[in-house]
Every structure is written in structure tokens, then in C-alpha cells.
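> Sequence:
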Amino acid sequence: MKSRLRPAIAGLVLALGLVGCSSGTDSTPSAAETTASGPVVTISGMAYSPASITVNVGDTVAWVFDDNGMAHDVNGLGDAKGKLRSPLKKSGTYTYTFTEPGTYDYTCTPHPEMRGTVVVETP
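Take the sequence shown: its letters are residues 34 to 156, numbered as in the working numbering.
It is possible that some hints are incorrect.
[Claimed, not checked] Label pairs and their in silico Cβ distance ranges:
no.: 1; residue 1: Ala84; residue 2: Lys114; range: 27 to 33 angstroms
no.: 2; residue 1: Thr142; residue 2: Thr75; range: 17 to 23 angstroms
no.: 3; residue 1: Asn101; residue 2: Thr132; range: 32 to 38 angstroms
no.: 4; residue 1: Pro156; residue 2: Met79; range: 19 to 25 angstroms
no.: 5; residue 1: Met103; residue 2: Gly135; range: 18 to 24 angstroms
no.: 6; residue 1: Thr75; residue 2: Val152; range: 23 to 29 angstroms
no.: 7; residue 1: Lys116; residue 2: Thr75; range: 18 to 24 angstroms
no.: 8; residue 1: Ser124; residue 2: Pro156; range: 19 to 25 angstroms
no.: 9; residue 1: Thr150; residue 2: Asn101; range: 30 to 36 angstroms
no.: 10; residue 1: Lys123; residue 2: Pro156; range: 32 to 38 angstroms
no.: 11; residue 1: His144; residue 2: Gly115; range: 37 to 43 angstroms
no.: 12; residue 1: Thr136; residue 2: Gly102; range: 15 to 21 angstroms
[Claimed, not checked] The list that follows gives simulated cross-link-like pairs (lysine to aspartate or glutamate, DMTMM-like), each with its CA atoms no further than 20 angstroms apart:
no.: 13; residue 1: Lys114; residue 2: Asp99
no.: 14; residue 1: Lys122; residue 2: Glu154
no.: 15; residue 1: Lys114; residue 2: Asp92
no.: 16; residue 1: Lys116; residue 2: Asp138
no.: 17; residue 1: Lys123; residue 2: Asp92
no.: 18; residue 1: Lys122; residue 2: Asp99
no.: 19; residue 1: Lys122; residue 2: Glu146
no.: 20; residue 1: Lys122; residue 2: Asp100
no.: 21; residue 1: Lys123; residue 2: Glu154
no.: 22; residue 1: Lys114; residue 2: Asp138
no.: 23; residue 1: Lys114; residue 2: Glu154
no.: 24; residue 1: Lys116; residue 2: Glu133
no.: 25; residue 1: Lys114; residue 2: Glu146
no.: 26; residue 1: Lys114; residue 2: Asp100
no.: 27; residue 1: Lys116; residue 2: Asp100
Derived by calculation from the structure, the hints in this document are not laboratory data. We put the beta carbon where it would ideally sit given N, CA and C, even for glycine.
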């Protein structure tokens, strides 16, 4: 009986995995998708990691919220104030495409000690 059951279970697991990978109406990319398409900053342990990254004009940076249910955001400072502005999130991803060179500093509104920087260069 076990030998017949294993292929059926394997098929069910595969089918469920394919359903989980299908594209729905949510346009937020998963961490795996953002890793393949551009730079990723992970928000975990009350920190942005890496705290500073360098990208090219036209790159899209993804911030992945993964801090055990603690809410954070990405809030631009200085010249980035009107540009970087994510909602408070406990999970999920926020993305921003950088169209101009410069240095973009940001912080977390509820945790101002959290700081990050994106340096954008012309390729």
C-alpha cells in the first residue's frame, strides 16, 4: 500500500507547489523573484541588511520585510524624503526604481536608529 501512496502524495505536493507559484493579482514579487531581478535589502533583526548598497541608474531595489512580525517601513531622508516611502509592513516587499544618480538615505519611522543608504551610479 505504501508504494502506491508515495507517488500519489508526491503528485499532490507537486500540484500544490505549482498552484503556489502561479501568478495572481498580487504584483508584489516574492523574495526569490526580487533576488533574480535586482538588489535586495532584507529588513530583519531591527536592521537593514546590507545597510548600504550601490546600484546603477534604472535598477529596482527590493526591501523584504522579515522581522518576526515587527512592523517597519522605508522612509527617505533629505533629498530622498519625497521619493522613498513605503507603508508600515510586517511582511512582504517594497520596491523602488532609481532613475537618477545620487545618495539616498533612509530610516524606519518607528525605529529611527535603523538607517540605510542606496548609492546610485550612472553605468
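> State for each hint whether it applies.
Each hint, compared with the structure:
1. Ala84 <-> Lys114: 27 to 33 angstroms: violated, 19 angstroms
2. Thr142 <-> Thr75: 17 to 23 angstroms: Check passed, 18 angstroms falls within 17 to 23 angstroms.
3. Asn101 <-> Thr132: 32 to 38 angstroms: Check passed, 34 angstroms falls within 32 to 38 angstroms.
4. Pro156 <-> Met79: 19 to 25 angstroms: Between Pro156 and Met79, where Cβ atoms are some 33 angstroms apart, the hint is violated.
5. Met103 <-> Gly135: 18 to 24 angstroms: Violated, since Met103 and Gly135 (Cβ atoms, about 30 angstroms apart) do not stay within the stated range.
6. Thr75 <-> Val152: 23 to 29 angstroms: violated, 18 angstroms
7. Lys116 <-> Thr75: 18 to 24 angstroms: Hint holds: Cβ distance 21 angstroms, inside 18 to 24 angstroms.
8. Ser124 <-> Pro156: 19 to 25 angstroms: With Cβ atoms ~32 angstroms apart, the hint is violated.
9. Thr150 <-> Asn101: 30 to 36 angstroms: violated, 24 angstroms
10. Lys123 <-> Pro156: 32 to 38 angstroms: Given range 32 to 38 angstroms: holds, Cβ gap about 35 angstroms.
11. His144 <-> Gly115: 37 to 43 angstroms: Cβ of His144 to Cβ of Gly115: about 21 angstroms, so the range 37 to 43 angstroms is violated.
12. Thr136 <-> Gly102: 15 to 21 angstroms: violated, 31 angstroms
13. Lys114 <-> Asp99: Judged against 20 angstroms, a Cα distance of about 23 angstroms means the pair is violated.
14. Lys122 <-> Glu154: violated, 28 angstroms
15. Lys114 <-> Asp92: holds, 19 angstroms
16. Lys116 <-> Asp138: holds, 11 angstroms
17. Lys123 <-> Asp92: Violated, at about 24 angstroms.
18. Lys122 <-> Asp99: Within the cut-off at roughly 9 angstroms; holds.
19. Lys122 <-> Glu146: Within the cut-off at roughly 17 angstroms; holds.
20. Lys122 <-> Asp100: Roughly 10 angstroms separates the two Cα atoms, so the pair holds.
21. Lys123 <-> Glu154: Judged against 20 angstroms, a Cα distance of about 30 angstroms means the pair is violated.
22. Lys114 <-> Asp138: OK: Lys114 and Asp138 at ~9 angstroms, within 20 angstroms.
23. Lys114 <-> Glu154: holds, 19 angstroms
24. Lys116 <-> Glu133: holds, 11 angstroms
25. Lys114 <-> Glu146: holds, 17 angstroms
26. Lys114 <-> Asp100: violated, 24 angstroms
27. Lys116 <-> Asp100: Violated, because 24 angstroms separates the two Cα atoms, which is more than 20 angstroms.
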